[in-house]
Structures are given as C-alpha cells and as structure tokens.
Amino acid sequence: MPEERLPLSFYSAYDTRTLAKKLLGCELVHESPDGLTSGIIVETEAYLQDDPACHASFNRRTMRTEPMFGAAGTVYVYLIYGMYQCFNVVSEAEGIGEAVLIRALQPTAGMELMELRRQFRPGKVPTLSSAKIALKELCRGPGKLVRAMGIERDLHNTTLLTEGNLYLRAANFEPSDIVAGPRIGINVGRELPYRYYIKDNIFVSKG
DNA sequence: ACCAAGATTCTCT
DNA sequence: GAGAATCTTGGTG
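First residue of the first sequence: 1, per the numbering used here; consecutive thereafter.
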C-alpha cells in the first residue's frame, strides 16, 4: 500500500472534538529504522482550551505545552507518572492549545516488533509470564501504544504532515458506532464526555 | 528548596 | 483491587 499521508486540510477541517471522532478508523504509521508498525485508531480523547484537565488550558504556555499551541498535525508527546509517555495530535489553528490523545490502536502491521518493544523496555527484565503479549494487549492504552509503536520523545514537536516517518492514513471504512463518555484516569474535568471509541471493538482500553 | 499530584502500567494478593 | 515505580511540573515558603 502506498503512503497516503493525511494532509493539513484534514486536521484543520474540524474542531478538536470532531477531529477526535474523525481520527477513529484512521491508521497511525511509524516507519522506524527497526521496521514498520501501524495500527487503526480505535479510542481517543479531546483536550480543550477551557478544559481544566488540559495541560494547555486557560492559555497556559509552558515549555512542555508549547507544541499544543502549534499548527494542527503537530506531535505532542509528554512523560506521565515518570515512566510512560502519551502521544497526542495537536488540533486547531496556531495559538489555540488543544489536542487529541490517542488511547488505543488495533495493530495492522509489525506486531512482532511491537511485542519486542513492549517486552524489552529499559529497566525491565522479561519473565516467563510476560514472555507473550496478546495481540489485543499490544496497543491497549496510551502508554502501551507509544511503546509498541516506538514513539520517543524526539518526536515531540515534530509534525505528521511532511517528510517525517510518523504519519496518519485516512480511514478506509466509516466507523459504524462511535460512543462518547467520560475520560479515563483524570479527576478534574472528569464529567466532560470527551472520550470517543468504536463500540464493541476489543482493542479499546476500557468499556 | 520542598512537596504533592499526575491524560499509566505492572505485579502481586 | 491495592501498591509500587518514577520524574516533571506547578504551587508554596
């Protein structure tokens, strides 16, 4: 399949919450030196500028959040709990600090490489019980998919739009049933229904 | 300078 | 289901 990288017009066509839904069904591709991995996005969360759970809310510009104010299609990667990282797609025009968190993928290529990356992370000794990771567990959660896809912090503040080796492909199907509900793992702003996922898809992290 | 909390995951019990 | 691992960020003194 040829590279059909989604252009800026896709990312800038929608507000953040609509984009979070439109990203469902799209394929995230990473062509790394170790090999190609890809997966269909099945779960996302929107983070808005008037949303207390958003790192960049209330126009708070810091070193970390600066990329969120960049152009749509910018990559925002951050460290969470000191040991995992989360991958976000920046949305909206420059100057507006909003983004979409990618929470789960349905793997489509490079599953062997995904499993290797998950098993042999730094500081972790593989045990017999962890020797095998089920297909549906490879990218089931924001920290897991970042590891499986080989997304590192050097991709922070890069773009999905041009010559990078990380990009999105358009969905080749229309997700039939999209569910909206409260976001996972947050306290402030938990009542906002900004989490979206494909109903009954077994690769979704919860629910 | 110190401290608490956080968009998580893994390992037991 | 509870607890740990681990470090950046932001608030307070």
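Think of the hints as simulated: they come from the structure by calculation, not from any bench.
Accuracy of the hints is not assured; some may be wrong.
To be verified - The calculated lysine to aspartate or glutamate pairs, modelled on EDC-like cross-linking and capped at a C-alpha distance of 20 Å, are: (1) Lys199 x Glu163; (2) Lys21 x Asp200; (3) Lys132 x Asp154; (4) Lys136 x Glu163; (5) Lys132 x Glu152; (6) Lys21 x Glu152; (7) Lys206 x Glu112; (8) Lys21 x Asp34; (9) Lys21 x Asp154; (10) Lys21 x Glu115; (11) Lys136 x Asp154; (12) Lys206 x Glu163; (13) Lys136 x Asp200; (14) Lys132 x Glu115; (15) Lys21 x Glu66; (16) Lys199 x Glu115.
Stated by the list, open to error - Label pairs and their in silico Cβ distance ranges: (17) Asp34 x Ala13: 21 to 27 Å; (18) His55 x Asp15: 14 to 20 Å; (19) Pro182 x Lys136: 31 to 37 Å; (20) Asn59 x Ile202: 38 to 44 Å; (21) Asn165 x Glu112: 17 to 23 Å.
The beta-carbon is built from N, C-alpha and C at its ideal position, and this holds for glycine as well.
Each hint tested on the structure:
Our distance criterion of 20 Å between C-alpha atoms is broken by Lys199 and Glu163, whose separation comes to about 34 Å. Our distance criterion of 20 Å between C-alpha atoms is met by Lys21 and Asp200, whose separation comes to about 16 Å. Between the alpha carbons of Lys132 and Asp154 the distance comes to roughly 28 Å, so the proposed pair goes past 20 Å and is violated. Restraint check for Lys136 and Glu163: not satisfied, since their Cα atoms lie roughly 30 Å apart, outside the 20 Å limit.
Distance restraint check for Lys132 and Glu152: the Cα-Cα separation of roughly 23 Å exceeds the 20 Å cut-off, and the hinted pair is therefore not satisfied. Taken as a hint, the Lys21 and Glu152 pair is broken in the structure, with Cα atoms around 25 Å apart against an allowance of 20 Å. The straight-line distance between the Cα atoms of Lys206 and Glu112 is roughly 24 Å, outside the 20 Å bound, and the hint therefore fails. Distance hint between Lys21 and Asp34 is unfulfilled; the C-alpha atoms sit about 31 Å from each other, more than 20 Å.
Restraint check for Lys21 and Asp154: the C-alpha separation of about 27 Å exceeds 20 Å, so the hint is violated. With a CA separation close to 28 Å, the supplied pair Lys21 and Glu115 exceeds the 20 Å bound. About 27 Å separates the Cα atoms of Lys136 and Asp154, which puts this hinted pair outside 20 Å; it is violated. In summary, the hint linking Lys206 to Glu163 is not supported, as the alpha carbons are separated by about 34 Å, beyond the 20 Å threshold.
Taken as a hint, the Lys136 and Asp200 pair is honoured in the structure, with Cα atoms around 13 Å apart against an allowance of 20 Å. Proximity of Lys132 to Glu115 is assessed by CA-CA distance (about 8 Å); at most 20 Å being required, the pair is judged to hold. In summary, the hint linking Lys21 to Glu66 is not supported, as the alpha carbons are separated by about 24 Å, beyond the 20 Å threshold. Proximity of Lys199 to Glu115 is assessed by CA-CA distance (about 25 Å); at most 20 Å being required, the pair is judged violated.
For the pair Asp34 and Ala13, the supplied restraint of 21 to 27 Å is violated, since their beta-carbon distance comes to about 33 Å. In this structure the hint that His55 and Asp15 lie 14 to 20 Å apart at CB holds, the actual value being about 18 Å. About 23 Å separates the C-beta atoms of Pro182 and Lys136, a value inconsistent with the hinted range of 31 to 37 Å. Judged by the Cβ atoms, the range 38 to 44 Å given for Asn59 and Ile202 holds: they are separated by roughly 39 Å.
Here the CB-CB span from Asn165 to Glu112 is close to 19 Å, well matched to the stated 17 to 23 Å.
Hint compliance for this structure: hints 1, 3, 4, 5, 6, 7, 8, 9, 10, 11, 12, 15, 16, 17 and 19 are not met, and every other hint is.
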